[in-house]
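With the hints as extra help, turn the sequences into a complete structure.
Chain by chain, the residues run as shown.
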Amino acid sequence: MLSKPLSLDSGQVLPSATIAYETYGELAQDKSNAILICHALTGDQYVGSTHPVTGKPGWWERMVGPGKPIDTNLFHVICANVIGSCMGSTGPASAAEDGAPYGMRFPVLTIRDMVRGLVGLLDEMGIAQLHSVVGGSMGGMQALSLAANFPDRAARVLAIASTARHSAQNIAFHEVGRQAIMADPNWRDGDYYADDKTPDAGLAVARMAAHITYLSEAGLTDKFGRRLQNRDAKSFGFDADFQVESYLRYQGSGFTQRFDANSYLYITRAMDYFDLAEEHGGRLADAFAGHANNSGARFFLVSFDTDWLYPTAESRHIVHALNAAGAAVSFVELSAPHGHDSFLLEVPALDRAVRGFLDG
Amino acid sequence: MAEGKALRPDLAAIARNITPGTRVLDIGCGDGTLLSHLRDQSQVDARGMEIQSELVERCVTKGLSVVQGDADRDLSEYPDKAFDYTVLSQTLQTAARPDHMLDQLLRVGREAFVSFPNFAHWRTRTALMFGGRMPVTRALPVSWFETDNIHHVTIADFRELIAQKGVAVEGCWFFSGERAISPVGANWRAEFAVFKLSRNL
Numbered sequence: 032m033l034s035k036p037l038s039l040d041s042g043q044v045l046p047s048a049t050i051a052y053e054t055y056g057e058l059a060q061d062k063s064n065a066i067l068i069c070h071a072l073t074g075d076q077y078v079g080s081t082h083p084v085t086g087k088p089g090w091w092e093r094m095v096g097p098g099k100p101i102d103t104n105l106f107h108v109i110c111a112n113v114i115g116s117c118m119g120s121t122g123p124a125s126a127a128e129d130g131a132p133y134g135m136r137f138p139v140l141t142i143r144d145m146v147r148g149l150v151g152l153l154d155e156m157g158i159a160q161l162h163s164v165v166g167g168s169m170g171g172m173q174a175l176s177l178a179a180n181f182p183d184r185a186a187r188v189l190a191i192a193s194t195a196r197h198s199a200q201n202i203a204f205h206e207v208g209r210q211a212i213m214a215d216p217n218w219r220d221g222d223y224y225a226d227d228k229t230p231d232a233g234l235a236v237a238r239m240a241a242h243i244t245y246l247s248e249a250g251l252t253d254k255f256g257r258r259l260q261n262r263d264a265k266s267f268g269f270d271a272d273f274q275v276e277s278y279l280r281y282q283g284s285g286f287t288q289r290f291d292a293n294s295y296l297y298i299t300r301a302m303d304y305f306d307l308a309e310e311h312g313g314r315l316a317d318a319f320a321g322h323a324n325n326s327g328a329r330f331f332l333v334s335f336d337t338d339w340l341y342p343t344a345e346s347r348h349i350v351h352a353l354n355a356a357g358a359a360v361s362f363v364e365l366s367a368p369h370g371h372d373s374f375l376l377e378v379p380a381l382d383r384a385v386r387g388f389l390d391g
Numbered sequence: 004m005a006e007g008k009a010l011r012p013d014l015a016a017i018a019r020n021i022t023p024g025t026r027v028l029d030i031g032c033g034d035g036t037l038l039s040h041l042r043d044q045s046q047v048d049a050r051g052m053e054i055q056s057e058l059v060e061r062c063v064t065k066g067l068s069v070v071q072g073d074a075d076r077d078l079s080e081y082p083d084k085a086f087d088y089t090v091l092s093q094t095l096q097t098a099a100r101p102d103h104m105l106d107q108l109l110r111v112g113r114e115a116f117v118s119f120p121n122f123a124h125w126r127t128r129t130a131l132m133f134g135g136r137m138p139v140t141r142a143l144p145v146s147w148f149e150t151d152n153i154h155h156v157t158i159a160d161f162r163e164l165i166a167q168k169g170v171a172v173e174g175c176w177f178f179s180g181e182r183a184i185s186p187v188g189a190n191w192r193a194e195f196a197v198f199k200l201s202r203n204l
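Chains as they are written, first to last, in this note's numbering: chain Z, 32 to 391; chain D, 4 to 204.
No lab work stands behind these hints: they were computed from the structure. Misleading hints may appear alongside valid ones.
Said to hold, decoys possible - Here are some chain Z residues pointing at chain D (derived, C-beta under 8 Å):
#, residue
1, K265
2, F331
3, A359
4, V360
5, F388
6, G391
Quick reminder that beta carbons are idealized off the backbone N, C-alpha and C, glycines included.
This is the structure in C-alpha cells:
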C-alpha cells in the first residue's frame, strides 16, 4: 500500500493504491543494483517465478534468474503489477471506498499513472536511483515514460519492441478487443463481480484478436500453415477445423482464467492514450530534455524485424528524438521470426544485447 | 600515450587530432575500437553509427552508445552541428553518393575526419595496367563482384571534390601499410589517406 495518494492524469486521485510486487536477488547495501522490470499489457509481477493462478513459469524466466542475462546473482530485480491490472495491485476489481468493486467507476489511467505507481513503490523501498529500468512492449512504454517524467530515477533505460505512441492501427486493434468485451451480455457495464457470470467470451475474442498482432505472418504459417486440427478433412461446419483456430481458441479461453475483462479495457485504453511527445509539448525530443549532454541515463532501444505491431520505424523515431536531445542512446534491430512476441521468446542475440547493456 | 592495443594507423592519426572532452560521432564505427579509445583516453563523448547488428551489440557491451543505421539514409536525422567531429573511416568508398555523404558529415559535425583507400596507389595502378583486371591488393583485398567499395576514389579525385564543394583541408595524413609517409607523391605512394575537413565560412 502506497503511503501517499496517487494523483492521476485524468484529474482524479486514487486515495489508497496497493502495488503488488515480487523481487529476486539481494539488494546491495548502497541500493545501487536495483533493476525495475515493467510488464506488458497482460503481464504481471511473476517475471521470474511460477504464476500462482496458471502454475506456469514466470513470463520472462528465460531472461531473469541466477546466471541469466538479467542476473539475479548480481541484481535486485523488482517487478510490480501495474495499477489497473488484476494480480493484486489496485484495479477495477478492487474495492472502492464504499466496499463494492470499482468496476467502471475506476478512473481511466495512463501509462504515466502506472509509472507514478511504480515510482511510489520505489519511494517506499527507499530506492532513489535504479541501476536500470527494463521493459518490452507496454513495459517499454513505462520505461520511456519513467525516463521522461522522472529523469533521475534510472541510470539505464532499456525499451524492447516498444513505441513512444500508439498508432491508429494499434488503437484500432484494441478497439476491436474492447468492443468484443462490451458486446458480451455478461459484461453488464462492467458490473459483473457479484456473481459467476463474467464476460469470458468477449475477453477471449479480445485476446484472440490481440494475439494475432503479436505474431508474424511467417511465424503463423510456419507453426500452423493450413493444417487441420485432429481431422483428415474439413468438417463443412464451424468447429475449429484449422490448427490456427484451435490455437487461438485455446489462447483466448486460457486467458480468461487469469485476467479480468475490465482490467483489459483500462490497460488497453492507457496504451491508446500513450503519446510521449504529446505530453511534452508535441516534440518527442523535449520529453528527454532531462538527459542532454551525457548527463542523464544511457538508453538502449531494441526492435525486431518481424514486429509489425511496434515496427522498427517506431524505435528509430525514439532514437532520433534521443539523439536530438543529446542523450546517450544505442539502438539495434534484431532479426527474429516470431513478430512482436520475439522479446519473450528464444532470441540469443537479445540475451547477449540485454546482458551487454546491463553490464556495459 | 598509454594504450591497451595499438590502433590502426589511420584511426591513431584521427585519435591524436581530436581535442579531449569533445563530442564525436563515428560513422561505421565497427566494434567501437576508436570510440572506446577516445572515451577512455580523451574523455570524449563518443557516439557511433554501425550497420551490422552484431557489431552494434559488441559496442553496447563496451558501454558505448551506438545506433544501428545506414549512414546513407540515417545521418540526415541528426541535428546540425550536433558533434564537434564526425569520423568516416574506410567507408566513403561504400557510400551511395560520397559527395552527399561529405555534405552530411560537415552538417552534423563542425569538422570531419575522412579516411579511405587510395585507388591510385602504385600497386593498384600496376595491377590494372599489367594484369588488365580489377586490382586485388592488401589495401583492397576483395574481388570486384563482392566488394562493398562501389565508389573507388584516389587522393587526387578526393582533393578535387572537396575543392569543388568549398571544403577546407585542416590536415592530411598518408600511410603505406602501417607506416606514415610524407605527402610528397602521396597519390602514387599512399595506400590510405586521412583528411581533416571543415566547411569554409
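Against the structure, the hints:
{"no.": "1", "hint": "K265", "result": "violated (43 Å)"}
{"no.": "2", "hint": "F331", "result": "holds (6 Å)"}
{"no.": "3", "hint": "A359", "result": "holds (4 Å)"}
{"no.": "4", "hint": "V360", "result": "holds (6 Å)"}
{"no.": "5", "hint": "F388", "result": "holds (5 Å)"}
{"no.": "6", "hint": "G391", "result": "holds (4 Å)"}
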